[in-house]
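Residue numbers (our numbering), protein chains in the order written: chain A, 685 to 888; chain B, 122 to 678.
The set of hints was computed from the structure by calculation and includes no laboratory data. Hints should not be assumed to be uniformly reliable.
[To be verified] Here are a few chain A residues that sit away from chain B, every Cβ distance over 12 Å (derived from the structure):
| # | residue |
| --- | --- |
| 1 | Trp753 |
| 2 | Leu776 |
| 3 | Asp863 |
[Said to hold, decoys possible] So the derived label-pair ranges between C-beta atoms look like this:
| # | chain 1 | residue 1 | chain 2 | residue 2 | range |
| --- | --- | --- | --- | --- | --- |
| 4 | A | Ser861 | B | Arg394 | 57 to 63 Å |
| 5 | A | Leu785 | B | Glu646 | 44 to 50 Å |
| 6 | B | His225 | A | Asp808 | 56 to 62 Å |
[As the list claims (entries may be wrong)] Here are some, though not all, of the chain A residues that point toward chain B, as calculated from beta-carbon distances under 7 Å:
| # | residue |
| --- | --- |
| 7 | Val825 |
| 8 | Pro839 |
| 9 | Ser855 |
| 10 | Ala879 |
Cβ coordinates follow ideal geometry from the N, Cα and C atoms, glycine included.
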Amino acid sequence: MPDRAVPGPVRPAGDRPGAVASPAADRRAPAGDGRGLAPIEAAGVEWTAVSPRLVPVRLISKTIGWVVWLAIVSVPLVLRLSGVWEGYPGWLAWLLPAVMLFWAVIDLALVPRRVRALGYSEQDDELLLRSGIISRQITAVPYGRLQYLDVNEGPLQRRFGIRTLTIKTASGSTDASIDGIEPTESDRLREELMARGQARLAGL
Amino acid sequence: MTPRPAAVDGDWHRVHPVSPLVRGWVALVAVLFIIGQNAFEDIYRAATTGALFANTGALGLGAAIVGGVFLLILGGFFLSWRFTRYRMGADKVEVRSGVVFRQHRHARLDRVQAVDIKQPLLARIVGLAELKFETADGGDSAMSLSFLRMDEARMLRQEIMRRAAGIQSGQDPVEAAQAPADEGPGLGPGAADPVIPSPPARPSVPSAGSHPSDAPVPVVAAGIGYDYEEETERVMLRVPPGRLIGATLTGSGLVSAVLVFGILYGAGLLAIRWWMPESVAQEFFAEVGSALSVPALLGILFGVGSSIWSSVNGGWNFTVASIPDGLRLRYGLLDTTSQTVPPGRIQAVKVSRPLLWRLFGWYRMAVTVAGYGESLDGTTGKSRLLPVGTFDDVLRVLTVVAPDPGVGTAEEARDLVHAGLDGSGADHGFVTTTPRMRWFSPLVWRRHGFRSTRSLLMIRSGRLNRELVLLPHERIQSLQLLQGPIERWRGAATVTFHIPPGPISPRVDQLDAAVAMDLFRAEREVAAQARRLRDRNEWMRPDELARFEQRTRQAVE
Numbered sequence: 685m686p687d688r689a690v691p692g693p694v695r696p697a698g699d700r701p702g703a704v705a706s707p708a709a710d711r712r713a714p715a716g717d718g719r720g721l722a723p724i725e726a727a728g729v730e731w732t733a734v735s736p737r738l739v740p741v742r743l744i745s746k747t748i749g750w751v752v753w754l755a756i757v758s759v760p761l762v763l764r765l766s767g768v769w770e771g772y773p774g775w776l777a778w779l780l781p782a783v784m785l786f787w788a789v790i791d792l793a794l795v796p797r798r799v800r801a802l803g804y805s806e807q808d809d810e811l812l813l814r815s816g817i818i819s820r821q822i823t824a825v826p827y828g829r830l831q832y833l834d835v836n837e838g839p840l841q842r843r844f845g846i847r848t849l850t851i852k853t854a855s856g857s858t859d860a861s862i863d864g865i866e867p868t869e870s871d872r873l874r875e876e877l878m879a880r881g882q883a884r885l886a887g888l
Numbered sequence: 122m123t124p125r126p127a128a129v130d131g132d133w134h135r136v137h138p139v140s141p142l143v144r145g146w147v148a149l150v151a152v153l154f155i156i157g158q159n160a161f162e163d164i165y166r167a168a169t170t171g172a173l174f175a176n177t178g179a180l181g182l183g184a185a186i187v188g189g190v191f192l193l194i195l196g197g198f199f200l201s202w203r204f205t206r207y208r209m210g211a212d213k214v215e216v217r218s219g220v221v222f223r224q225h226r227h228a229r230l231d232r233v234q235a236v237d238i239k240q241p242l243l244a245r246i247v248g249l250a251e252l253k254f255e256t257a258d259g260g261d262s263a264m265s266l267s268f269l270r271m272d273e274a275r276m277l278r279q280e281i282m283r284r285a286a287g288i289q290s291g292q293d294p295v296e297a298a299q300a301p302a303d304e305g306p307g308l309g310p311g312a313a314d315p316v317i318p319s320p321p322a323r324p325s326v327p328s329a330g331s332h333p334s335d336a337p338v339p340v341v342a343a344g345i346g347y348d349y350e351e352e353t354e355r356v357m358l359r360v361p362p363g364r365l366i367g368a369t370l371t372g373s374g375l376v377s378a379v380l381v382f383g384i385l386y387g388a389g390l391l392a393i394r395w396w397m398p399e400s401v402a403q404e405f406f407a408e409v410g411s412a413l414s415v416p417a418l419l420g421i422l423f424g425v426g427s428s429i430w431s432s433v434n435g436g437w438n439f440t441v442a443s444i445p446d447g448l449r450l451r452y453g454l455l456d457t458t459s460q461t462v463p464p465g466r467i468q469a470v471k472v473s474r475p476l477l478w479r480l481f482g483w484y485r486m487a488v489t490v491a492g493y494g495e496s497l498d499g500t501t502g503k504s505r506l507l508p509v510g511t512f513d514d515v516l517r518v519l520t521v522v523a524p525d526p527g528v529g530t531a532e533e534a535r536d537l538v539h540a541g542l543d544g545s546g547a548d549h550g551f552v553t554t555t556p557r558m559r560w561f562s563p564l565v566w567r568r569h570g571f572r573s574t575r576s577l578l579m580i581r582s583g584r585l586n587r588e589l590v591l592l593p594h595e596r597i598q599s600l601q602l603l604q605g606p607i608e609r610w611r612g613a614a615t616v617t618f619h620i621p622p623g624p625i626s627p628r629v630d631q632l633d634a635a636v637a638m639d640l641f642r643a644e645r646e647v648a649a650q651a652r653r654l655r656d657r658n659e660w661m662r663p664d665e666l667a668r669f670e671q672r673t674r675q676a677v678e
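Okay, chain A solo, but in the shape it has when bound (with noise of 0.2 Å):
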């Protein structure tokens, strides 16, 4: 890793101590013939996490999105309890919401290990974002090819103390944004990415 203009806060990942080790690392050996089988790992790469506020955040936000998907589900059944729709299948009724509960509950339970797996690394020519624990991905974007750089704060994530940064090149499918880094940590690394773009500005 470069020297850092502004040191930045190198955090703690929620209950893991320093540098956060890929979540590939501490399971699931390597089986078979020893190659291929494991889990993607960009070697050598030491992880900075995300903010653990950002669990409480994508937690009431989630929330909310599901409470309003069950509301939607749950017009027939409201319906047929009472009265108005006498017609409509019971077990249906029952269904759709039992199913959209149970989905809730599991991706609400996923979001502090989805959070625990994001996780971002400065290397001397890219930033590295990784993200997934079912789906894994590992994105490198160079920061020659920066076009420019967002940084997003919505009222939640104000009241949490975060915000979300999103770089942009001249790639539509570049899909590169760090959610849930803190506002002190956020604009050290824009200065950082401005200034690493502009000296290895490529163009196209």
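Assemble chain B onto chain A, guided by the hints.
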């Protein structure tokens, strides 16, 4: 209009006065038609009832209104012409337009990706042309100047390309273009080679023998008193009309649509015939069948016909020529377009072959250039590089758009492209989908794969419709390594490469996870290095290039 060198002298100029007429002639004709028809009916009725002369006042009023509307439209045209002006500065082009809502648009020349000349039918008849610039924002054309005289448009295009390429021209147009302006037309074929300086001079992929039209075709703009000369261009290939029509008819989308429709239609008819009682079936065929099927058939035929027409109209006389700036594509039956594809702006190239084209040995090519924007599959519009061509045609175009395949000899390059299009398994160094995933892609697991050369990443895919993507390492914007649950179970992973929007989205599916990780790491390193060494934007001006080099040095230290 001012004399010849006017367009590039740095002053404000207007487009050609008849431009609004050419642009708005449909509206004008429609208005005239409606008014004329009404007036004619009125006059006819008046004349037949004998009231014509009793009513001259009303008639005069009508004529006055017609005349007034006509004058208003013409006045509008005049104003819109009067208020549309352009200026070509040293480093930018500006266009002012709008009477009430004014617009003043600047485009930096060093950000211009390509300049095209377009001629709609009417403009073509009166000898005018539209000049369009593309910048990298991916939307519509950043700017268009419509309409200019054809020679003026050509001259402006050449000047813009030159200035975009960093040559301060106008002072030394002859040297700048490296074109022997004093020799003029009528060069022998022997003099052709020194004329074309940059891209085709690297014969890494063989030109596959001499082509009948390899002789240079110098086009001299009718510039009088100004030594501008259209760039010498060498026609590389021309798509014969027969092949274009055949390719359109057998191109996969159309054929599959007709086949699906035919099968459904036939199956429906047979089902009615067999499973319905005799009387019902007869009744159906007598009434419903004839009533429903004929319009439906006509509708389908109309759709198919118009799609064939648009493809034939758009690809008619498709000509690929090499010019000092890159490739010049010319095409169109009614509306003609002359498009310049600068090799320095090409992000990726795709060669593909629909199933039925295998019978004829045909291929099509598409290209991603930032600014061309999204295109469905690169078979229409600007992303199309070659609507249909033989393997030799493909190689010939590749010599310009991907001049350095990054392997040893020309023979190897040829074999490699061939393996990418038709090979399967591990031939020629291709790495394919891991055998552990073969049950999830039984047909294509030996086709899906990649080969990395010194300069290119070649990605091949598809068994029935075959495809080969050529992606220069230094053009990768960002990349992603993915692993879904099934891939994780089988020890596989996918690598996706992000490039500017266009018909190509390169990805290598379901590689062995270790191989995918290696590719991901290698591509990150190679791309970073290639960019540092090579991506000094060929179109930068010298001072910009110097600044860029300095910054790169600082960054490296």
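So, going through the hints one by one against the coordinates:
With a closest Cβ-Cβ approach of about 24 Å to chain B, Trp753/A is found to remain outside the 12 Å limit, as its non-interface label requires. Residue placement check: Leu776/A keeps its beta carbon more than 12 Å from all beta carbons of chain B (closest about 29 Å). Interface exclusion of Asp863/A from chain B stands, the closest Cβ pair being 17 Å apart, more than 12 Å. Between Ser861/A and Arg394/B the Cβ separation comes to about 59 Å, which falls inside the hinted range of 57 to 63 Å.
At roughly 48 Å, the beta-carbon separation of Leu785/A and Glu646/B lies within the given 44 to 50 Å, and the hint holds. Take His225/B and Asp808/A: their Cβ atoms lie about 43 Å apart, and the range 56 to 62 Å is violated. The interface hint given for Val825/A holds, since its Cβ lies 4 Å from the closest Cβ of chain B, which is under the 7 Å cut-off. Taking 7 Å as the C-beta contact cut-off toward chain B, the hint placing Pro839/A at the interface is violated, the least distance being around 30 Å.
The beta carbon of Ser855/A is positioned within 7 Å of a beta carbon in chain B (closest approach about 4 Å), and the interface hint is therefore held. Interface hint status for Ala879/A: violated, as the beta-carbon distance to the closest one in chain B is roughly 10 Å, over 7 Å.
Violated hints, in rising order: 6, 8 and 10; the structure is consistent with all others.
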